[in-house]
Each structure stands twice: as C-alpha cells, then as structure tokens.
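Model the full assembly from the supplied sequences, consistent with the hints where possible.
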Amino acid sequence: MSIVVFAESSENQFKKSTFEAISYAKEIGTLMSKEVVAVNISSIANSAELGKYGASKVLNCSNTDGFTADSTSEIFASICKQIGASVVIVSNSYVGKSLAPRIAVSLNASLATNVISVPDLSNGFTVKRGVFSGKAFAFVNLNRDIKVLAITPNSFEINANGSDCATESVSVNASPSKISINAINKVTGKIPLTEAELVVSAGRGMKGPENWHMIEELADLIGAATACSKPVSDMGWRPHSEHVGQTGITIKPNLYIAIGISGAIQHLAGVSSSKTIVAINKDPEAPFFKSADYGIVGDAFEILPKLIHALKN
Amino acid sequence: MKILVCISVVPDTTTKITFTDSDTTFNKAGVQFIVNPYDELAVTRALEIAEANNGSVTIVHVGEADSEPSIRKALSMGANEAIRINAIPVDAQFVAEEIAKIAEGYDLILTGRESIDYNGGAVCGLLGALLNIPSINVVTKIDYNGGNFTFDRDIDGGRETLTCAGPLVASAQKDLCEPRIPNMRGIMAARTKPLQIIEASVSNQAANYQSYSLPAPKGSVKLIDADNAGELINILKNEVKVI
Ligand SMILES: Cc1cc2nc3c(=O)[nH]c(=O)nc-3n(C[C@H](O)[C@H](O)[C@H](O)COP(=O)(O)OP(=O)(O)OC[C@H]3O[C@@H](n4cnc5c(N)ncnc54)[C@H](O)[C@@H]3O)c2cc1C
Ligand SMILES: Nc1ncnc2c1ncn2[C@@H]1O[C@H](COP(=O)(O)O)[C@@H](O)[C@H]1O
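Residue numbers (the working numbering), protein chains in the order written: chain A, 1402 to 1714; chain B, 2 to 244.
Not the full set, but computed from the structure, chain B residues with beta-carbon under 7 Å of chain A:
| id | residue |
| --- | --- |
| 1 | Asp118 |
| 2 | Asp176 |
| 3 | Val241 |
Because the hints were derived from the structure by calculation, they are not lab data.
Computed from a predicted model, the values in this text were never measured in an experiment.
The beta-carbon is built from N, C-alpha and C at its ideal position, and this holds for glycine as well.
Here it is in structure tokens:
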C-alpha cells in the first residue's frame, strides 16, 4: 500500500504545486509508514527530481494526447489500483479537481477537495478543508478505506531534502477519450493566479483599464501575479480569469496587495486566507482596512509611482 | 434534447458565517438562502439550449423541504419540472450518488462550478464517473450543433476549446451567460409545474462533517503614511520578508 501523488505538469515542467503535493504526501507517508509513489502522466521523460520532495519512486506513463478528465483519470485510476494506493493526492487545481472525483469513484474512495492541512489520524482520518469560500473551515472524517485528497496550493511548505529517486515506465490500456481538444489558449510564462505566492490586485478605484500598466509594473517588479475585483472583470477591464472572491477564484498567497478595492464581504471571502494583506485606498473608512495587516490611505495614482520608484532603487 | 440541471441552495453571499452546537452545525438563523449563483447560470444556459432544440429541462435538488422556494425559482425561470431528493445534503459524494440514481437518459447534465457553501467542485466529476460518461469542468461556453456539444473551459492560465457528444456532464462557470430573471408569467406558471419528491437511499456515507472553525481574526492594521509610501517596500522586504 502506498501514498500516490499525481505529478501535475504544464508545458513540460512539473508544477510547484506538485512539489507541495509530494512534500505533503511524504509527511502522511511518515505518519502511516507508507512509501510515496509519484505518477507522471505526461510527455516529461526525466522525472527523477521528484525524489527530492519525498517520492521513493516515479511511475512514468507517456502521454502525448493531453489532459482529458475521462481518459487521464482512467489511466491514473488503473495505476492506483495496480500499486494499491491507500491515499491519493492531487493539487486542488483545475486539473486536480477534474481528476479527483473520478478517481474517488473508480477506487470507491472518500473524497475531500480544498484540503489545507495534514490529516489528523488520532481518531480515523480527519482533514481540514476550506468551506464557505474561505469564510470558514470544516473538519471532515473520511470513512472509506481509500482516501482521495485535493490539496490547496500554498497551504503546505515544499520540503526538498531528499535526492533523485528511481523511475519506471508503465503502460496502461485506456479507452480513448470521448472528448476532443480543439484548441488550447494559454498565457505562457505567467504564474497561474491560484499558485502565485505574491498577488497584486486592483479594483474599480483604478478608474479604467488604461491605468493597469502601473499595476502590472508593480507586479512584475516583485514577481507577482495580477488579480482584480468582480466589477473590474464584469466591465471587461481585465480577463475574468483574474477575478478573485466568492464568485471568482479563492487564493491563498503569502502577500496580497489590494489597490482601489473597497473590501466587500464577497471580495474578502476569496482572499482573506492570504498570509499578509496590504490595502491601499483613498477612503480611510474602506472596509478593507479592517482585514489588512498594512494599509496606506491615499490616492493610488500617487502611491503606485512611489512604490515602483522604491522598488527600482 | 433532455437536460438535467443540478441546483444547490446556499447562504446568500453577504452572509456572515457562524456555527452553533459547539461549532458542529452551521447557524441558519436569519440566513437568507439562494440558488447557488453558478447553478443559475447552468439553468439559464440549459433553457436556452432546450428552447433552440425543442427540448426540456429538469431540475434536481438534494435537500429538505425548506429549499422549495429555490426550486420554484428555477421553475419560474422556465424549467419544465423538478425533482427533490429528500435528505440533508451532507457532502458532494452523497449528493452525487443520490443524483446518479435519477440521472440516466439525459443528453446533457449541468452543475455549477462549485457550491459557494461547501466548495467541493466535485459533483460534476463524480456524476461523470458514476454514470460512466465524460465530465467537463468549469465551462464558460456551451454550444450544440445538432450532434455534438462544443465547450470553452477554464484551465490553469488559459482556456481550452473542446468537442464532445452527449451524454455528458459539465459544470458552469461565470461568463457562460447572464442569469435569467423570472418574469411574472414564469412565476405564476411555476406554481403548478410538477415537483416530484423522492426519498434518499444512499447509506454508506463517504464523509462526516464533524466540526467547523472560523479564521483567526486579524489584528489591527498598521498604517503607513502616504507621503512615505516607499516605506511599505522596506517593510515587506525586511520585516515581513515576503519580497
Ligand atoms: C452575488 C455576489 C457575488 C459577488 N462576488 C464577488 C467576488 O467574487 N469578487 C468581488 O470582488 N466582488 C464580488 N461581488 C461584488 C462586491 O459586493 C463589490 O461590489 C465589489 O467587490 C466591489 O469592487 P471594487 O472594490 O473594485 O469597487 P468599489 O466598491 O467601487 O470600490 C472602489 C474602491 O476604490 C477606492 N478608490 C477610488 N478611487 C481611488 C483612488 N484614486 N485611489 C485609491 N483608492 C480609490 C474607493 O474608495 C473604493 O473603496 C459580489 C456581489 C454579489 C452580489
Ligand atoms: N444538494 C445539492 N442538490 C443538487 N445539486 C447539488 C447539490 N449540491 C451541489 N450540487 C451541484 O453540484 C455543483 C457543485 O457542488 P460542490 O461539488 O458541492 O461544490 C453545484 O453547483 C450544484 O450544481
């Protein structure tokens, strides 16, 4: 029996969230005295580096067809069955959340998504997961023998104390996907918002899309991803993939800088788990200041150039 | 074209979340419940596709009698009929296993991207696997050309365009459409539309919610003088050490 991790990759590289997932699995593996096996269903050939994060072995299953929920999960479930998975870990990403439910059904397992801590094994198998869009946490006992967990990016430290591990190739006969992928449009070279450690976000206070160059410059200088409030994406100032909050993406970066965002409860729901929050708003009564660690009361159009200037020096 | 839409009923987005019974139960007192915002999009797009293809839309909800106003709302938007599976919806697996029992025979099944209360984002994939049909998560566009469905869906850092023949299940994401507002005629008609009630029967529950907690409250904000805004960079670099 082992702890199995889906080694998610993008553009021929393992994702940072995969390193988190393996480090997380290693910790559970130590608690349960089980080894960690990473499964790499992609076209990446060299996967030994996953050993650094705690995998004892990587199974490579060459896949050039891309990701589809039905076929990729059939391949992954079949490998999980072959090696006798007792806990299966994926990232709580678009890919992970497409896979995890299907894997749980195939393995007759219990499923928990949005998991943010190592399970408590003192009385069964209890995980802590985010609920109510970041407004609360739930402690959930998973009853079935096998467990499938999707873990939230940035909830778990990467631990790279190990060394390269053995790799093996496996092949699986899966039915071809019924889904055909016609086109993929990806912004390359940008950090996905859900995984970003630093996020610079702006709201209606920025007045219009033409002023976003300052937000982007600040973000670029510190290596942050950019986000926005709902009205900003509703008005088409920014792509909706940047919209954070209760009806947008929930994020958990180490730093969230909110510029010209009032701090409505629905906005805060998606960002309040950020470790450090900075609010910049010209209104001293803006609700965001109640949820922020640091604040600057003032006009964004005067403050942004000062921040950019300070970073350049 | 037969379409099934799964709706969950959730606390209004402005709700301040609290718990009772030593933090084991969500406190419903004074809370206004609504149709999950993503599910309203699913209902709306289902109706548009059904109307263009001479089809019908069935609503399914797993919940207790107090969610009937929300089911009626979906009917007043234009859905033909509804099924309520009578149970406290404990978790996504329980919900999906219950729905799977009535979900055969539909060409298209829609859910929301996630419920804004339990945020599982799981029912779509669970139903796909239970019914052994494809599942397509977080779709921002659905079209039907008489044979196949085409979708746009969100992926990390971008969007993907897909084609798939039904039966299949997909989950609705913002941008799919504008939610339809029921009109007076719809509201009147909804009162007499069929609402069937079925008792839940899944027993082997995969998960038990034991207790809840709230995030630790923030201390008070440290204000930095606007004239000296650059000081923020210094703090983030040297005190918080995040940049
Ligand atoms: C069902 C529902 C779901 C929702 N979901 C979300 C969600 O997921 N995410 C979300 O963000 N919102 C959501 N909302 C909307 C939310 O309630 C707020 O309306 C929204 O967050 C406000 O966006 P904003 O702060 O950018 O704009 P505003 O509320 O207009 O605030 C602009 C802020 O900018 C400040 N400002 C103006 N000019 C300047 C300047 N020159 N310099 C500095 N500051 C300035 C103002 O003082 C103000 O505080 C939802 C609402 C509903 C009803
Ligand atoms: N109790 C329920 N009854 C019917 N459908 C539900 C229920 N709970 C969740 N769903 C559907 O599943 C979607 C995702 O829910 P979840 O997996 O809980 O995030 C929702 O948007 C609904 O479409």
